[in-house]
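For this one, chain A is given, so just place chain B with the ligands on it according to the hints.
Quick note, the sequences are listed as chains A and B, same order.
If you read the first sequence in full-length UniProt numbering, its first letter stands for residue 1, the second for the next number, and so on.
If you read the second sequence in full-length UniProt numbering, its first letter stands for residue 1, the second for the next number, and so on.
A few of these clues could be false.
Identical copies carry no separate label here, and so any pair may be met within one copy or between two of them.
35 Å max Cα-Cα, derived DSBU-like pairs, lysine-lysine [claimed, not checked]:
#1 LYS314 / LYS25
#2 LYS90 / LYS156
#3 LYS36 / LYS338
#4 LYS338 / LYS90
#5 LYS244 / LYS158
Calculated directly from the structure, the hints in this document are not laboratory data.
All figures in this text were calculated on a predicted structure; none of them were measured in a lab.
Number of protein chains: 2
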Amino acid sequence: MQSVIHVNLPQNSYEIAIASGSLDKLGAWMSGEESKPLNLGKKVLVVSNPAIFKRYGERAIGSLTAAGFEVASCILPAGEQYKTLTSLQKIYNLALENRLERSSTMVALGGGVIGDMTGFAAASWLRGINFVQVPTSLLAMVDAAIGGKTGVNHPKGKNLIGAFHQPRLVLIDPDVLKTLPPREFRAGIAEVIKYGVIWDADLFAKLEQSSRLDQLRYLDEEILQIILKHSCQAKAIVVGKDEKESGLRALLNYGHTIGHAVESLTGYKSVNHGEAVAIGMVAAGQIAVDIRSWNKAAAERQNELIKKAGLPTKLPTGLDVEEIINSLQTDKKVESGKVRFVLPTQIGAATVTDRVPPDVLRQVLWQMQ
Amino acid sequence: MQSVIHVNLPQNSYEIAIASGSLDKLGAWMSGEESKPLNLGKKVLVVSNPAIFKRYGERAIGSLTAAGFEVASCILPAGEQYKTLTSLQKIYNLALENRLERSSTMVALGGGVIGDMTGFAAASWLRGINFVQVPTSLLAMVDAAIGGKTGVNHPKGKNLIGAFHQPRLVLIDPDVLKTLPPREFRAGIAEVIKYGVIWDADLFAKLEQSSRLDQLRYLDEEILQIILKHSCQAKAIVVGKDEKESGLRALLNYGHTIGHAVESLTGYKSVNHGEAVAIGMVAAGQIAVDIRSWNKAAAERQNELIKKAGLPTKLPTGLDVEEIINSLQTDKKVESGKVRFVLPTQIGAATVTDRVPPDVLRQVLWQMQ
Ligand SMILES: NC(=O)c1ccc[n+]([C@@H]2O[C@H](COP(=O)([O-])OP(=O)(O)OC[C@H]3O[C@@H](n4cnc5c(N)ncnc54)[C@H](O)[C@@H]3O)[C@@H](O)[C@H]2O)c1
Ligand SMILES: NC(=O)c1ccc[n+]([C@@H]2O[C@H](COP(=O)([O-])OP(=O)(O)OC[C@H]3O[C@@H](n4cnc5c(N)ncnc54)[C@H](O)[C@@H]3O)[C@@H](O)[C@H]2O)c1
Ligand SMILES: [Zn+2]
Ligand SMILES: [Zn+2]
Numbered sequence: 001m002q003s004v005i006h007v008n009l010p011q012n013s014y015e016i017a018i019a020s021g022s023l024d025k026l027g028a029w030m031s032g033e034e035s036k037p038l039n040l041g042k043k044v045l046v047v048s049n050p051a052i053f054k055r056y057g058e059r060a061i062g063s064l065t066a067a068g069f070e071v072a073s074c075i076l077p078a079g080e081q082y083k084t085l086t087s088l089q090k091i092y093n094l095a096l097e098n099r100l101e102r103s104s105t106m107v108a109l110g111g112g113v114i115g116d117m118t119g120f121a122a123a124s125w126l127r128g129i130n131f132v133q134v135p136t137s138l139l140a141m142v143d144a145a146i147g148g149k150t151g152v153n154h155p156k157g158k159n160l161i162g163a164f165h166q167p168r169l170v171l172i173d174p175d176v177l178k179t180l181p182p183r184e185f186r187a188g189i190a191e192v193i194k195y196g197v198i199w200d201a202d203l204f205a206k207l208e209q210s211s212r213l214d215q216l217r218y219l220d221e222e223i224l225q226i227i228l229k230h231s232c233q234a235k236a237i238v239v240g241k242d243e244k245e246s247g248l249r250a251l252l253n254y255g256h257t258i259g260h261a262v263e264s265l266t267g268y269k270s271v272n273h274g275e276a277v278a279i280g281m282v283a284a285g286q287i288a289v290d291i292r293s294w295n296k297a298a299a300e301r302q303n304e305l306i307k308k309a310g311l312p313t314k315l316p317t318g319l320d321v322e323e324i325i326n327s328l329q330t331d332k333k334v335e336s337g338k339v340r341f342v343l344p345t346q347i348g349a350a351t352v353t354d355r356v357p358p359d360v361l362r363q364v365l366w367q368m369q
Numbered sequence: 001m002q003s004v005i006h007v008n009l010p011q012n013s014y015e016i017a018i019a020s021g022s023l024d025k026l027g028a029w030m031s032g033e034e035s036k037p038l039n040l041g042k043k044v045l046v047v048s049n050p051a052i053f054k055r056y057g058e059r060a061i062g063s064l065t066a067a068g069f070e071v072a073s074c075i076l077p078a079g080e081q082y083k084t085l086t087s088l089q090k091i092y093n094l095a096l097e098n099r100l101e102r103s104s105t106m107v108a109l110g111g112g113v114i115g116d117m118t119g120f121a122a123a124s125w126l127r128g129i130n131f132v133q134v135p136t137s138l139l140a141m142v143d144a145a146i147g148g149k150t151g152v153n154h155p156k157g158k159n160l161i162g163a164f165h166q167p168r169l170v171l172i173d174p175d176v177l178k179t180l181p182p183r184e185f186r187a188g189i190a191e192v193i194k195y196g197v198i199w200d201a202d203l204f205a206k207l208e209q210s211s212r213l214d215q216l217r218y219l220d221e222e223i224l225q226i227i228l229k230h231s232c233q234a235k236a237i238v239v240g241k242d243e244k245e246s247g248l249r250a251l252l253n254y255g256h257t258i259g260h261a262v263e264s265l266t267g268y269k270s271v272n273h274g275e276a277v278a279i280g281m282v283a284a285g286q287i288a289v290d291i292r293s294w295n296k297a298a299a300e301r302q303n304e305l306i307k308k309a310g311l312p313t314k315l316p317t318g319l320d321v322e323e324i325i326n327s328l329q330t331d332k333k334v335e336s337g338k339v340r341f342v343l344p345t346q347i348g349a350a351t352v353t354d355r356v357p358p359d360v361l362r363q364v365l366w367q368m369q
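Next comes chain A alone, as it looks inside the complex (with noise of 0.2 Å):
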């Protein structure tokens, strides 16, 4: 089974292609063989990470110079705390001692952290070449991969420096997956169900009806290429609709509000990205009720499909609820210290609004201690 999608955009249209075993058709893939010509160059930089590389790296570049590029690889210690200046340096390094040209590709095989690092190294090298998501995790493939946010991390911030730069191809083989560990599958969908609630009613139906969502090897092949189809697509007419994040791409924060103030508040480790978004989700679902933008029994179907995750609805315990307060009123990109939420109205829909009262959020975070 195959699916394309297609992100529209002004300049930078491009393809996601979801289809299983498709790793080994990436060389064929970006030389045009299975869809149209990109005018990739002939120089190809794959960056990846160790465990990855060493899983997929060969299949990958063999297939590449089966189609006829030339291959050189830059690997990258693994991990957010490697998302950093230094690790760009050396995509860099490599770009010129492989003579990489304006013409020429840098392919990201792996999550979202070799996703966002290889694009920004593509976004700045010579001021701009081609590059090609292969995502490896589910976080990556839904979200990540899609839509030309790259960045990497100042030392006090996340994604404080990068540039938007839209992938020529995303290409999805779902096989991967299968040596993802459980809880990075999980993060993953802690997005899927973002989508379901913020945009995709049907999508969230899907999930309803899964009779797990928690590990990978319990879901039917079907409803895997149900989140994948439906999660890229939403996560595409979005992007399409508003590519530099002026209006509605804003929506994708939904969850991530109190969600980034818990990651960072518990140092970006026992809490991971993923579980931190289905916290900041319950938060946000209950400040909707509350405010009357959402309806309980909604709210409740939301939680349940967070739980049926195996993804946390209660915040870590030891988290201090005027911390997370504090915390997202000094947040970096807080604009003239006001504090914005995405809330649903709907299942499927949702609004932004940055008039959340204090007592409302205040309550909610200690009923979810």
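Coordinates of chain B with the ligands only, in the frame set by chain A:
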């Protein structure tokens, strides 16, 4: 006297304002008092180097503060050798400390080095914030500050890391040129002569009429105004027609093919950029004559201007012709081994070619020793 030049782009049009004493009106220009509102936010980070900041920092900051901006500053060491990712990191640190937001603005107060770095910092901080160019060298006024090419150097090559990011405003105060060292002034004049040769026969004629071109103090005010206005206009039009350098903009590389080789082989020290470009123009002019794309008399008129500006017309002693040819072929930006030259066709017009016969090139360089 005041000129305003429009840079017309599909998305990010802006104005170049040239006016004596305008440094004291920077705040007014940025707040929209002197022109249309630009929505540059409340927070401003001024980036400069010690020598320039000492001379002009107070006036710039005073005018910004008076206009209601909240101003911080970032002082980086002077010189091309500091146009690095490390300097960039210092700008990021100050952006963070001063809590710059998406709506905030970075101001580059300096020559091309400060302008290029500040522009790239603004391009990449929070994936792109506003920036304003206040160029203080002649080269930055007529060239570097206009057109949105920003970036830093890689240890092994110039300008390899960067982005296209247009300024929201370019404010030129010709008075600051009084403190610019004469050799830096001449470096800017080389680019001015370039515009005359490839684009603007009127400018070329005016340059011929000026009794001297080698030092600012011998120029009358009118010719300086003409130089600034015509040069900025030439660059603005070319950039307006080809923002991302896919075609026409390549013309601006006149003199730069051999110029870059000379600069890099002399270690960016004994020969500065303008001098290298002057040498490159003499060479390209002679190549054009030899392959009959330009007439000898015109080339001689160009070379006279170059001499009048106190710029070199011969290769620096000790530089080997074969080394130059070698360097051209291994230039990091050369696509598939073909060296591209911009060659004049008449005064005020030029064309791009990658078909210069190797022996013509060799002979021209031999004669310039
Ligand atoms: N650009 C965007 O729009 C966007 C959106 C969301 C998140 N992000 C970013 O994405 C990052 C998180 O992405 P992530 O969750 O993929 O993290 P990640 O890239 O760190 O991957 C998670 C872990 O899974 C491993 N892994 C990935 N694929 C595997 C596979 N197929 N088999 C075995 N192991 C595999 C990785 O090596 C890593 O250890 C964050 O840095 C976040 O800021 C970006
Ligand atoms: N972005 C572009 O399109 C573009 C185009 C051309 C050049 N550039 C870049 O510009 C840089 C060269 O610019 P530059 O020639 O201005 O060099 P620069 O910025 O190093 O300035 C030259 C010297 O003059 C000093 N100076 C500048 N203004 C002064 C003033 N008013 N009074 C006293 N001293 C002053 C500076 O401190 C410096 O020492 C290079 O890095 C080059 O790559 C960029
Ligand atoms: Zn997320
Ligand atoms: Zn130049």
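We went through each hint and held it up to the structure:
Taking the closest pair of Cα atoms, LYS314 and LYS25 never come within 35 Å of each other, the shortest separation being 43 Å inside a single copy and 55 Å across copies. Proximity of LYS90 and LYS156 under a CA criterion of 35 Å is satisfied in both settings, with 21 Å inside one chain copy and 13 Å between copies. Taking the shortest alpha-carbon separations for LYS36 and LYS338, only the inter-copy value of 27 Å comes in at or below 35 Å, while the best intra-copy value is 45 Å. For the homomeric pair LYS338 and LYS90, the shortest alpha-carbon distance between copies (28 Å) is at most 35 Å, but the shortest distance inside one copy (38 Å) is not.
For the identical chains of this complex, LYS244 and LYS158 are neighbours both inside a copy (18 Å) and across copies (29 Å), given an alpha-carbon limit of 35 Å.
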